[in-house]
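Between the sequences and the hints, there should be enough to build the whole structure, so can you do that?
If you read the protein sequences in the order shown, they are chains A and B.
For the first sequence, this note's numbering gives the first residue as 1, with consecutive numbering after it.
For the second sequence, this note's numbering gives the first residue as 1, with consecutive numbering after it.
Any given hint could be a false lead.
Identical copies look the same in the list; a pair holds intra-copy or inter-copy alike.
List of simulated lysine-lysine pairs, BS3-like, C-alpha gap at most 25 angstroms [unchecked claim]:
1) 244 / 101
2) 226 / 43
3) 43 / 83
4) 149 / 226
Calculated from the structure, these hints are not laboratory results.
Number of protein chains: 2
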Amino acid sequence: MKTVRRFYNYFLHPEREFVRRLRRLLGFTPAYLNVFKLAFQHKSNNGDTAKEDKPYGGQNNERLEFLGDAVLGTIVAEYLYKKYPLGDEGFLTKMRSKIVKRNSLNTIGDNMGLDELLSTYNNVRIAKSMLGNAVEALVGAIYVERGYKKTTQFVVRQMLRNYVDIEHLETFDDNYKSQLLEHCQKNGSKVDYSVVKRFKQDKRDRFKVAVNVDGRRVAVGEDFNKKSAEQIASKRALVDMGIKVSR
Amino acid sequence: MKTVRRFYNYFLHPEREFVRRLRRLLGFTPAYLNVFKLAFQHKSNNGDTAKEDKPYGGQNNERLEFLGDAVLGTIVAEYLYKKYPLGDEGFLTKMRSKIVKRNSLNTIGDNMGLDELLSTYNNVRIAKSMLGNAVEALVGAIYVERGYKKTTQFVVRQMLRNYVDIEHLETFDDNYKSQLLEHCQKNGSKVDYSVVKRFKQDKRDRFKVAVNVDGRRVAVGEDFNKKSAEQIASKRALVDMGIKVSR
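Here is the structure:
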């Protein structure tokens with residue numbers, strides 16, 4: 001039955017162009033095309049159209065994202081568990097969060113060319129932050145169609161090996177806030193953060209955060225969430241204080 | 001090969017009593033007994049014995065816990081994804097965290113009788129908090145031996161159906177802090193928390209936290225971490241203020 005569906009989707013389906021693009025990305029022809037279409041259906045789309053025009057009764061990719069996020073986390077956990085037989089829990093946890101954190105997934109989605117597929121099914125501008133969600137939703141869709149084992153193959157071969165530099169991540173520390181705190185603690189300096197501006201941009205909250213060392217403002221950072229703005233400000237502070245080399 | 005190992009473990013192994021207890025718990029005889037022994041090896045044990053006496057070169061169940069935590073999270077995510085085809089991401093996320101949070105896992109482990117198995121391989125007193133970790137490590141061990149599908153069967157049949165009341169969890173809200181904040185916000189009252197005492201008990205940090213409504217101390221709570229102490233204090237405050245019925 002799946003074979004017949006795949007044959008139909010590849011050769012006869014009205015959207016066979018989309019099917020073929022998916023095939024190039026996935027390495028197989030999807031049998032359940034609707035699930036994959038849903039994976040690229042961002043929630044921002046739901047508001048635009050009348051209920052009856054919305055595919056799948058107003059559904060979007062968030063449920064698939066929920067499932068894919070879990071599946072991806074487990075696949076990466078198992079991959080690391082096997083790759084580092086002597087790595088302790090702390091190391092494995094850190095490595096995993098470096099791989100599956102929002103920013104990394106956004107970059108992976110970008111490299112996979114998901115923006116192109118997203119724009120097929122969304123009338124909004126594709127923000128970088130939508131790419132990571134699409135990666136998770138895509139993993140969810142593959143899981144729904146092919147189960148755990150095949151999804152593992154896809155994630156390891158198409159995502160981890162192509163787009164993740166594991167060896168680099170081992171030594172790479174991108175928690176600039178903790179680096180700054182550590183450095184200042186050693187030198188007896190006090191660090192604090194303050195929100196200096198909070199405003200709306202593209203209908204979303206945006207934060208401008210300042211980092212102060214011993215009461216003196218060293219740097220500012222701006223982003224759509226406070227944590228990330230603090231990281232940006234901390235990175236700039238580290239460069240400014242000559243602790244980190246900018247690149 | 002696995003069959004031979006199982007036969008040997010069940011009938012001839014010097015620790016066949018442990019094997020049989022595991023069989024009652026798991027529904028199958030483990031072939032790789034060492035993995036299951038490791039699952040019950042708590043880290044607090046490592047300090048007691050000389051390096052050469054430690055099983056598996058000083059390993060403990062933390063790596064299996066890391067793996068099992070991820071696997072369990074995915075199995076529960078999939079279970080909820082299928083059970084609630086109309087549940088949105090927020091609902092699914094909340095339900096999952098109610099099931100896999102520390103306290104629930106401790107209770108599940110208790111009901112499964114893991115304390116007995118833990119005490120076989122640990123010379124320390126079995127704290128309730130060790131049970132949840134053991135549940136995760138056990139799921140990790142099952143996954144290592146039997147793969148994803150069989151682990152799903154075990155988790156759904158032996159854990160979720162027996163020990164988790166999903167319907168109850170749908171309406172159950174145990175975030176007392178957010179309940180208290182919501183109630184006070186409605187009434188224009190201000191809530192804040194303060195640590196009134198921090199001390200050592202059983203070599204661990206213990207916190208005594210007070211909750212104040214409009215500057216007046218309403219209740220206190222005590223636990224090994226601040227968040228949990230705040231929850232306990234909030235629950236007491238809710239009862240004290242007549243918002244919640246104690247039971």
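- Item | Hints violated by the structure (numbers, ascending) | Of the numbered hints, just 4 does not hold.
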